[in-house]
Amino acid sequence: MNMSVSTAQDARKNLSEIISKAAFANEATVITRSGKNVAVVISYNDYERFCQLEDQLDGELAMARLAEGNKRKSWKDVKADNGLE
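When we follow my numbering, the leftmost residue of the sequence shown carries the number 23, and every step to the right adds one.
Keep in mind the hints are simulated off the structure, nothing from the lab.
Any given hint could turn out to be false.
What the hints assert, rightly or not - In silico SDA-like cross-links for lysine to any residue, where the CA-CA straight-line distance does not exceed 20 Å:
(1) K43 to T54
(2) K58 to I40
(3) K43 to I53
(4) K35 to F72
(5) K43 to I64
(6) K58 to D32
(7) K35 to N59
(8) K95 to E107
(9) K35 to D68
(10) K93 to Q78
(11) K95 to A84
(12) K43 to N59
(13) K58 to M25
(14) K58 to K93
(15) K35 to M23
(16) K58 to L83
(17) K43 to S56
(18) K58 to R34
(19) K43 to V60
(20) K35 to M25
(21) K43 to D68
(22) K93 to D77
(23) K35 to R55
(24) K43 to M23
(25) K35 to A45
(26) K95 to L106
(27) K58 to N104
(28) K93 to E82
(29) K43 to S65
With the hints as extra help, turn the sequences into a complete structure.
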């Protein structure tokens with residue numbers, strides 16, 4: 023996949039071109055603001071693929087948790103593990 027970079031200001035001016043590149047040339051565009059990456063414009067097909075990969079990873083993580091067995095934790099331990107205390 024090709025990738026280009028555009029400032030938010032330039033992206034506003036060239037939005038139609040950026041969308042066309044994503045949709046028809048499979049080119050992602052990173053949008054920056056104040057020199058920091060803030061967004062990416064990608065094709066809808068790439069977005070769907072990303073969602074499928076995310077679902078697959080979630081499923082694999084769930085299966086790994088089930089394989090660990092029925093380990094239960096107290097509410098106190100859950101809060102401590104997640105920095106909530």
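Hints versus structure:
1. K43 to T54: holds, 17 Å
2. K58 to I40: holds, 18 Å
3. K43 to I53: holds, 14 Å
4. K35 to F72: It is violated: about 27 Å lies between the C-alpha atoms, which goes past 20 Å.
5. K43 to I64: holds, 9 Å
6. K58 to D32: Judged against 20 Å, a Cα distance of about 14 Å means the pair holds.
7. K35 to N59: holds, 18 Å
8. K95 to E107: At roughly 15 Å apart (the allowed maximum being 20 Å), E107 and K95 satisfy the hint.
9. K35 to D68: violated, 24 Å
10. K93 to Q78: The given pair, whose Cα atoms are some 23 Å apart, is violated under the 20 Å limit.
11. K95 to A84: Judged against 20 Å, a Cα distance of about 17 Å means the pair holds.
12. K43 to N59: holds, 19 Å
13. K58 to M25: Judged against 20 Å, a Cα distance of about 16 Å means the pair holds.
14. K58 to K93: violated, 42 Å
15. K35 to M23: Outside the cut-off at roughly 23 Å; violated.
16. K58 to L83: Outside the cut-off at roughly 31 Å; violated.
17. K43 to S56: violated, 23 Å
18. K58 to R34: holds, 16 Å
19. K43 to V60: OK: K43 and V60 at ~19 Å, within 20 Å.
20. K35 to M25: holds, 18 Å
21. K43 to D68: Distance ~13 Å between K43 and D68 Cα, so the pair holds.
22. K93 to D77: violated, 24 Å
23. K35 to R55: holds, 14 Å
24. K43 to M23: holds, 11 Å
25. K35 to A45: This hinted pair holds, its Cα atoms lying about 18 Å apart.
26. K95 to L106: At roughly 15 Å apart (the allowed maximum being 20 Å), L106 and K95 satisfy the hint.
27. K58 to N104: Violated, at about 29 Å.
28. K93 to E82: holds, 18 Å
29. K43 to S65: Holds - the C-alpha atoms of S65 and K43 are around 8 Å apart, at most 20 Å.
Violated hints for the displayed structure, listed by number in ascending order: 4, 9, 10, 14, 15, 16, 17, 22, 27.
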